[in-house]
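Asks: Okay, here's what each chain looks like letter by letter:
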Amino acid sequence: MKQRASWLLAGVLIWGAGTFSEFSWEKIRPSVPEIGRKEIEPSLGQGVLLGILGGLRNIVADGTWIRSYVYWERKDRAACEALMRTACALDPRSRYFWENTGCVIGYDMAHWEIRRRGGYNKVTREIQDDIFKKYARHGLVVFEEGVKYTGGSPSLLISAGQLSEIKLKDSLLAADYYRRAAESKGAPWFSYFLCAKAYWEGGKKVEAYLWYRKQYIEKLLPMDDGSPDDLNHLRYFEEELNVPFLQRIPRQKWEKRI
Amino acid sequence: MKSSLTRIFWLARLTFLEAVRQRFFAFLIVLGAAMVLSSFAFRFLDFGHGELKFIADFGFGGLFFFGSILALVMTAQLLFAEMDNRTALTLLAKPVSRTEFLIGKFTGIWVVLGLFVFVLSILLGVMLWGRWQELVILAEQSAKVAPQFSLEGVFSHALLQWFRLGVVTSMVLLISTIARTFLFAVVVGAMTIVAGQLQWLAQEALFKPADLNPLSHALLWLASRILPNLQQFNIGDALALDPGAVMSGAVSSALLSGGFYLIAYLFLASLTFKRREI
Amino acid sequence: MSDTSAISVQGLTKDFRVGLRGLKLRAVDNLSFEIPRGQVFGLLGPNGCGKSTTLKIILGLVAPTAGKISILGYPSATSEARQRTGFLPEAPYFHKFLTGRELVRYCARLSGVPTAQLDSAVEEALALAAMSEAGNRTIGTYSKGMLQRIGFAQAIVHDPELVILDEPTAGVDPVGSAAIGKMIHSMREKGKTVVLCSHLLGQVEQVCDRIAIMDRGRLVLEGRVDEVLARRDKHIITVEHLTPAARVAAEAALQSHGAQVTSITHPRRSLEDLFRELVTGSRDA
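Protein chains in written order, with this note's numbering: chain A, 1 to 258; chain B, 1 to 278; chain C, 1 to 285.
Hints are supplied without guarantee of correctness; some may be wrong.
No more than 30 Å apart at the CA atoms, straight line, and that leaves these computed lysine-lysine pairs for DSS-like [as the list claims (entries may be wrong)]:
1. K2(A) x K96(C)
2. K169(A) x K148(A)
3. K148(A) x K144(B)
4. K274(B) x K182(C)
5. K68(C) x K2(A)
6. K2(A) x K2(B)
7. K144(C) x K68(C)
8. K144(B) x K214(A)
9. K68(C) x K96(C)
10. K185(A) x K274(B)
11. K208(B) x K148(A)
12. K144(B) x K219(A)
13. K274(B) x K190(C)
14. K144(B) x K197(A)
15. K2(B) x K96(C)
16. K274(B) x K68(C)
17. K185(A) x K122(A)
18. K274(B) x K2(A)
No lab work stands behind these hints: they were computed from the structure. Just so we're clear, the structure is a prediction, and the values are computed from it rather than from any experiment.
Generate the whole structure from the sequences, applying the supplied hints.
Replies: Right, dumping it as structure tokens:
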């Protein structure tokens with residue numbers, strides 16, 4: 001009787017430990033982004049790899065990335081993307097993997113697809129455009145994912161903006177990405193101009209000027225050199241929009257007369 | 001109770017002395033330290049993960065990998081050595097219960113693993129802290145954002161790893177009390193560690209709204225109850241390099257969970273060991 | 001079960017399951033005997049007769065299939081019984097990095113010797129085992145005889161009422177064997193019960209008060225040594241200065257009373273006695 005009670009108690013203890021681990025895992029999971037990623041869950045291979053590596057994920061990610069270039073060179077779309085995404089999954093905080101995966105998918109893979117279908121002479125222009133857009137949108141998904149895991153990397157946002165501009169020919173979408181980049185922490189100085197230019201080219205000229213002007217006064221003008229290139233761009237916008245002189249940005253001492 | 005604790009203390013003390021004298025322990029601690037130190041030399045090979053992350057990854061990887069091997073092999077070896085050399089016969093003929101014997105063994109091994117984890121963590125912590133100081137100065141000079149680093153996070157991770165290895169040790173002790181040979185205990189133990197690392201897959205699959213047949217559901221339920229979730233102890237990156245990403249109470253709940261597993265497996269091991277003929 | 005018994009074994013049976021099909025192998029078959037307190041008891045038998053299994057069951061290291069065992073009135077395998085028992089296993093192996101003194105001290109701690117009495121208990125046990133001088137050497141440097149003696153010291157350090165010795169002289173030279181014999185005698189003088197399991201029948205005969213012989217898991221003989229060994233139909237007369245004439249006269253006198261002289265030989269000392277006479281010490285001493 002006592003022995004049975006002991007075995008029963010052991011069962012209860014194991015069951016209790018297993019149940020409590022569900023509770024603790026809920027608290028731990030957000031700290032391990034590579035573990036919580038839904039997109040890798042269906043892939044058992046990646047899940048196993050992630051699972052058995054307690055550390056050493058970076059070095060394995062590096063190895064995976066190097067290997068992905070073998071498939072890149074062979075233009076093997078499926079294998080290349082799988083390995084690149086595995087590298088991203090192993091180290092989701094790395095901007096480098098996301099940026100290059102997005103670029104390879106968004107720029108290179110469309111060419112591989114066209115070549116696979118018989119080349120540029122055989123595939124009509126319309127279909128080529130569709131293919132470019134399809135892969136560009138796929139690349140944007142990767143960039144968006146990367147932005148989420150890297151805490152809003154401005155570099156990824158700018159790459160997404162460029163892809164939207166070059167392949168999707170969507171200046172307003174690009175402007176949105178550039179604007180997010182310009183408003184994120186550690187934004188590069190050129191992101192403001194890129195955003196304003198994309199809005200301008202997308203037809204939102206007034207919005208482009210007003211936003212750029214605000215950013216210039218608040219962020220660019222206080223910089224050491226006063227950002228003369230941005231002021232030049234703004235002067236161009238003022239000229240184009242015929243902004244009355246009194247409403248224009250006051251003339252700076254160091255500014256050359258256009 | 002006091003005499004029982006005294007006996008456990010002496011059993012643990014002897015186990016500790018025996019374990020630290022083993023060349024295997026010295027070999028693994030040197031190998032682990034070499035891995036931590038070498039990360040500094042290899043950090044230029046990384047693909048933009050960030051230097052600190054690369055060093056931390058190497059160090060945490062060394063702790064995880066060599067710690068697991070040490071916990072697995074040392075536990076099985078020390079228990080089988082006691083039985084094969086018949087020293088267990090001498091000890092268990094004394095007023096030492098089998099539960100005390102197992103707890104003494106476990107405690108001695110766990111202290112050795114603690115030594116292993118904390119020596120390597122101190123080494124890793126010093127290396128990360130030193131390089132972080134340099135990177136902060138470089139970031140200030142180039143007006144860039146300095147990387148985050150928490151020395152406290154390194155030691156929280158060390159504590160988590162120590163508990164993880166404690167769970168592994170109790171699990172291997174349980175297997176060793178059933179196994180007939182050292183090799184069987186090591187092979188099954190290694191498989192159980194890998195399964196424990198993947199337990200989260202079963203745990204999460206169980207709660208996904210998918211069409212699982214009753215058998216798969218039962219198997220997943222059983223796996224998520226019997227196997228420990230070892231993945232929950234691997235949050236070194238977040239603790240050391242991005243402390244803000246860790247939910248409050250996450251470390252303590254993982255430690256508590258480890259403690260529950262540890263007690264459950266030790267209790268079960270003491271029941272199976274009582275049935276074993278020495 | 002008697003309160004005067006050091007060990008009481010009643011109907012002990014042990015079956016081992018062998019192979020995948022779980023065939024039963026009976027190692028001990030319905031064994032019953034009692035060992036009185038304060039005596040030296042020899043358990044004899046050929047290899048595989050179930051002696052070691054019996055000892056392991058008595059010590060609670062192996063569970064019996066059937067039967068009851070009590071040690072000094074307590075059920076075996078209980079802490080109370082083990083507290084009062086000392087055990088020296090066959091070919092003992094101890095942690096080589098410990099010194100003899102550390103080992104005995106460690107065993108004293110495990111056996112619950114109070115801290116205040118620890119030093120004296122350790123020194124007393126080492127002295128009884130003639131290991132005081134070698135006590136500070138690591139066990140890895142000990143000879144086989146010294147290993148047995150340090151094993152003996154660890155078995156008696158907590159002053160047990162019952163000491164179980166499994167093949168204490170196996171592989172030990174006659175000098176070491178005699179030293180162990182002396183230790184057994186001194187335990188008897190202290191009123192302890194000693195159970196000795198040995199192949200050396202000569203030694204068992206010399207030191208034991210009672211013996212039991214096992215064969216194929218069963219008890220085939222049990223009793224006092226002098227009772228079981230005596231041949232009551234034959235006698236030995238030892239005579240000094242026996243001349244041929246005296247011999248003839250003595251034989252005639254005995255025949256006249258109906259006695260028949262079957263042999264007249266010179267008494268022999270044992271080779272062990274001769275060896276011990278010639279070899280006064282050893283490297284171990």
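Asks: Evaluate each hint against the coordinates.
Replies: Now for the hints, and whether the structure bears them out:
For the suggested pair K2(A) and K96(C), the alpha carbons sit about 40 Å apart, so the restraint of at most 30 Å is broken. Distance hint between K169(A) and K148(A) is fulfilled; the C-alpha atoms sit about 24 Å from each other, no more than 30 Å. For the proposed pair K148(A) and K144(B), the alpha carbon gap of about 21 Å is at most 30 Å, so the pair holds. For the suggested pair K274(B) and K182(C), the alpha carbons sit about 37 Å apart, so the restraint of at most 30 Å is broken.
Between K68(C) and K2(A) the CA atoms are separated by roughly 19 Å; this keeps the pair inside 30 Å, and the hint holds. A distance of roughly 24 Å separates the Cα atoms of K2(A) and K2(B); the hinted pair therefore holds under the 30 Å criterion. Simply put, K144(C) and K68(C) have alpha-carbon atoms about 35 Å apart, too far for the 30 Å limit, and the pair is violated. The suggested pairing of K144(B) with K214(A) holds, with an alpha-carbon distance near 24 Å, which does not exceed 30 Å.
A threshold of 30 Å between alpha carbons decides the hint, and for K68(C) with K96(C) the separation of about 37 Å lies outside it, so the pair is violated. Note on K185(A) and K274(B): the hinted pairing is violated, with a Cα-Cα distance of about 62 Å set against a maximum of 30 Å. Using a Cα cut-off of 30 Å, the hinted pair K208(B) and K148(A) holds, with the two alpha carbons roughly 23 Å apart. Taking the CA atoms of K144(B) and K219(A), the gap is near 16 Å; set against the 30 Å cutoff, the hint holds.
Restraint check for K274(B) and K190(C): not satisfied, since their Cα atoms lie roughly 35 Å apart, outside the 30 Å limit. With a C-alpha separation of about 26 Å, the suggested pair K144(B) and K197(A) falls inside the 30 Å cut-off, and the hint holds. The hinted pair formed by K2(B) and K96(C) meets the criterion: a straight-line CA distance of about 29 Å does not exceed 30 Å. In summary, the hint linking K274(B) to K68(C) is supported, as the alpha carbons are separated by about 18 Å, within the 30 Å threshold.
Proximity of K185(A) to K122(A) is assessed by CA-CA distance (about 46 Å); at most 30 Å being required, the pair is judged violated. The hinted pair formed by K274(B) and K2(A) meets the criterion: a straight-line CA distance of about 13 Å does not exceed 30 Å.
The structure is inconsistent with the numbered hints 1, 4, 7, 9, 10, 13 and 17, although it conforms to all the rest.
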